[in-house]
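Colleague: Each chain is listed here by its residues.
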Amino acid sequence: MSEIATPRSFLRTHVFSVDHKVIGKQYLDLALVAVFTGMLLSWLMRFHLAWPETPVPGLGTVAPSGAAGGVMTPEFYLSLMTMHGTIMVFFVLTTAPFAGFGNYFLPIQVGASDMAFPRINMMSFWVTLVAFLVLISAFFVPEGAPLSGWTAYAPLSAVGKDAGPGQGLGQTLWVVSILIFCVAQLLGALNFIVTTLDLRTKGMSLARMPLSTWAWFITSVIGLIAFAVLMPATILLLLDRVAGTSFFIPAGLVISDRLQPHSGGSPLLWQHLFWFFGHPEVYIAILPGFGIVSHILPVFARKPLLGPRVFIACLIAIAFLSYTVWGHHMFLSGMNPFSATLFSIPTLVITIPATIVTLLWIGTVYGARLRFTSAALFCLGFISVFVSGGISGFFLAQPSIDTYLHGTYFVVGHFHFVMGVAAMFGIFAATYFWFPKMYGRMMSETLGKWHFWLTFIGVYCVFMPMHYLGLAGNVRRYSAFTDDYLKPLIPLHRFITVAALFTGAVQLIFLFNVIRSRLRGAPAPANPWQGTTLEWSTSSPPPHDNFGGPPPAVHRGPQEYGAPGAVDHIMQAAP
Amino acid sequence: MGKLFAIVVTVIAIVSATLFALHVWWLPVDISAHGARIDRQLNETMVAAGVLFVVAQLALAWFAWRYGAGPSSRGVKTFPGGATPMVVLAVVLVGFEILTLTFVGSKVWAGIYQSPADPNSLQVEVQAEQFAFYFRYAGPDGRFGAMHPELANDATDNFFGLDPANDTTARDDIVVATLTIPVNRPILLQLHAKDVNHAFYVPELRIQQDFVPGMVIPLHFTATQTGKYEIVCTQLCGLGHYNMRAYVEVIAPDQFDQWLKQKAEQQ
Chain A
52 MSEIATPRSF LRTHVFSVDH KVIGKQYLDL ALVAVFTGML LSWLMRFHLA
102 WPETPVPGLG TVAPSGAAGG VMTPEFYLSL MTMHGTIMVF FVLTTAPFAG
152 FGNYFLPIQV GASDMAFPRI NMMSFWVTLV AFLVLISAFF VPEGAPLSGW
202 TAYAPLSAVG KDAGPGQGLG QTLWVVSILI FCVAQLLGAL NFIVTTLDLR
252 TKGMSLARMP LSTWAWFITS VIGLIAFAVL MPATILLLLD RVAGTSFFIP
302 AGLVISDRLQ PHSGGSPLLW QHLFWFFGHP EVYIAILPGF GIVSHILPVF
352 ARKPLLGPRV FIACLIAIAF LSYTVWGHHM FLSGMNPFSA TLFSIPTLVI
402 TIPATIVTLL WIGTVYGARL RFTSAALFCL GFISVFVSGG ISGFFLAQPS
452 IDTYLHGTYF VVGHFHFVMG VAAMFGIFAA TYFWFPKMYG RMMSETLGKW
502 HFWLTFIGVY CVFMPMHYLG LAGNVRRYSA FTDDYLKPLI PLHRFITVAA
552 LFTGAVQLIF LFNVIRSRLR GAPAPANPWQ GTTLEWSTSS PPPHDNFGGP
602 PPAVHRGPQE YGAPGAVDHI MQAAP
Chain B
80 MGKLFAIVVT VIAIVSATLF ALHVWWLPVD ISAHGARIDR QLNETMVAAG
130 VLFVVAQLAL AWFAWRYGAG PSSRGVKTFP GGATPMVVLA VVLVGFEILT
180 LTFVGSKVWA GIYQSPADPN SLQVEVQAEQ FAFYFRYAGP DGRFGAMHPE
230 LANDATDNFF GLDPANDTTA RDDIVVATLT IPVNRPILLQ LHAKDVNHAF
280 YVPELRIQQD FVPGMVIPLH FTATQTGKYE IVCTQLCGLG HYNMRAYVEV
330 IAPDQFDQWL KQKAEQQ
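In the order they appear, the protein sequences are chains A and B. For the first sequence, position 114 (counting from the first letter as 1) is numbered 165 according to our numbering, and the numbering increases by one without interruption. For the second sequence, position 243 (counting from the first letter as 1) is numbered 322 according to our numbering, and the numbering increases by one without interruption.
Bound-form chain A, shown alone (with noise of 0.2 Å):
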């Protein structure tokens, strides 16, 4: 194969690869760069929301229409918010667990020397790059970013810029970032799909590839099948936009006192499509997160994973019910109140085989020798914070409760634990484990650890008070608080939004430890952590054909540790 040649120009060799593991590292670095993007968005928020009046020193510069002074307008919050949702769900959620991680290490677990389509692999990096610059570009169009937020509910994210500020051109660069970002997914899917099935080496049968290639294979999978929808969803929403079409615009609209020139279309479509996309989405960001922990946690449990196979059926569960489920998002949307009740049901019922896999976490730290490694306290707290959100979408679930819940504070608290900080927690998890693999270079534990303890005291200081707000009536998108029942909530936004600012400002540990790691991080040697995958069995990194030769054969499952007879551990490619 003509792929595996060492290739010798810089331009080959860093910037347009066809090695998955280079690729897998760009993700990576997109997403490091999307992650602080977001963040700082983030903030700008929270601190919008605790103190409204107080200017935020070189804001007024920066963004002089938005927020003139240092004090923003809201519909600059709004634009901060619609983007920090797009930026966190797809630039990072989606491009580091899956394919970031995915792509650097699926390859190299199934004993394959790249993926099978290599050149398609490189296209759908560079596609996704190009969907995010698109995105950021919104912001610097005279109207400013979209407002509609990152599920663009039609018709206000159909209609122009009749329905405000950064509804213009803004929202028509969202729509089409988001369509280039669904033609890499599919692009990387495929890849993901085809790899795991054809290009496994000898001996790694299904049963014997590790759990974290399970998970990222299933959710290549899922989502084939949900940006598939998504994709055809963004054309329909930009032909509405530019070509004068009707598909989510009904007769008979006034925006800003101009009757609107569309007839014949259903808002409740756009829900129907976007949340049939948007709940498997949930999952591809947050299975790659169970994949990792059911990789990461066993390695440093010493004990293999309290069944295995019990995790892949549960995994192939929950990627069946993920599209049962999307009603829930859309209880009181309007649509027959008897499908909500349909809805309801697999929504509850996916929680069976979410609940097992959580108890076989758990019943796997149980009898363990826990080596308290930064990846290995990230893969607990992945558990602790997955089993907080799991536990209040028994709320968002039944649409008796949703009545009250739905749109507040609750639901936003919800989804930040289960899928968002869960899934960061997996993301850390696997940086601080193959990092030294990746890079040659380990990183540094003591800040591993410092910036483990205290995200976790405050991602739980951020978003278990926004439960309570949301119990409280607390509407959720709101740029300020003036209705009378919310004013005496403010002192607990506050509260949040030094949390917020502090377990931000916490994550600068973790970039300046990546950053020094990288630069000058102790050399790795193969097998820091005393794994038994195919990873372990070569170099640190690995070189450009991943094993120096023709991929070892496979003689055994993923998880042989603690064996009887006092063998602490056997490689898969142990004879």
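One thing to keep in mind: the hints can contain errors.
As the list claims (entries may be wrong) - Distance condition first, Cα-Cα at most 27 Å in a straight line; then the derived DSS-like pairs of lysine-lysine: (1) Lys82(B) with Lys500(A); (2) Lys342(B) with Lys307(B); (3) Lys82(B) with Lys156(B); (4) Lys307(B) with Lys340(B); (5) Lys76(A) with Lys500(A); (6) Lys307(B) with Lys538(A).
As the list claims (entries may be wrong) - Covered stretches of chain B (in silico footprint by chain A; criterion: 3 or more residues with CB under 8 Å from a CB of chain A, positions within the stretch not fixed): (7) 86-99; (8) 103-116; (9) 126-137; (10) 189-195; (11) 249-258; (12) 288-301.
What the hints contain is simulated information worked out from the structure, not anything from laboratory work. Bear in mind the structure is a predicted one, so any value in this text is a computation, not a measurement. Note that beta-carbon positions come from the ideal geometry of N, C-alpha and C, so glycine has one too.
Put chain B on the given structure of chain A with help from the hints.
Modeller: Just chain B, lined up with the frame of chain A:
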């Protein structure tokens, strides 16, 4: 390190659960006929979910405390019975909870959203627009004038797009910015959206419903306590979303009749 983790997780779980249990931040008073059932459902879920939350966090904390790194001579132990007890526990416990919640909860939901409105309901049309709510009563003739979107004009206060010049039923329609309703009488709202999605949410009434352009969505409830409460928009509708509100004023029935008469005379 394991002990520290156990302590932190335990403190987090107990503090969080206590703040829920003490109702430090809680739902406002319920002023609706159906709200007690929602509150009961919420409370039952809170107890069930709260127990699961605390037990799961404490189990994690306990194991992390107990099973820290030991000498490698100490072997590892498998959970008694392997994965089977986990599967059984999850299926039985969560399954039972789901069944109960679904059966009881769907009855509560159906009672509010799937039951027909009382035939004697007071009918009020609601128009939501960026960034206000308007309410329309039928007037003495008991009939609502037809809505013509092209006639809607905020500058002339024609929020509903009525055509009183040609439409006799529209002439006596009463349009106001505060939803005034009599206590203990079933109310049927018909929700219209003029421009984009909005939502009708009154926390005290335990009711919420989206407005969708192109659809007329019925919503019915009965208020059981007099007073003035805020109606807020919960569906992102544009830059003034945070400021989109109106009031619902629940008054005694005779007061309401008088108010309606007075409004009709002003037309």
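Colleague: All hints, please: hold or fail.
Modeller: For each hint, the structure was consulted:
1. Lys82(B) with Lys500(A): holds, 14 Å
2. Lys342(B) with Lys307(B): holds, 19 Å
3. Lys82(B) with Lys156(B): Satisfied, since the Cα-Cα distance of roughly 19 Å is no more than 27 Å.
4. Lys307(B) with Lys340(B): Since the Cα atoms of Lys307(B) and Lys340(B) sit roughly 20 Å apart, the hinted pair holds (cutoff 27 Å).
5. Lys76(A) with Lys500(A): holds, 23 Å
6. Lys307(B) with Lys538(A): Holds. Lys307(B) to Lys538(A) sits at ~17 Å (cutoff 27 Å).
7. 86-99: Satisfied; 6 residues make the cut.
8. 103-116: That given contact holds, which follows from 6 residues of the segment 103-116 of chain B lying within Cβ reach (below 8 Å) of chain A.
9. 126-137: holds (count 6)
10. 189-195: holds (count 4)
11. 249-258: With 0 residues in contact (Cβ-Cβ under 8 Å with chain A), the coverage given for the segment 249-258 of chain B is violated.
12. 288-301: As far as the segment 288-301 of chain B goes, the hint holds, because 8 residues have Cβ atoms under 8 Å from chain A.
Of the hints listed earlier, the one the structure fails to meet is number 11.
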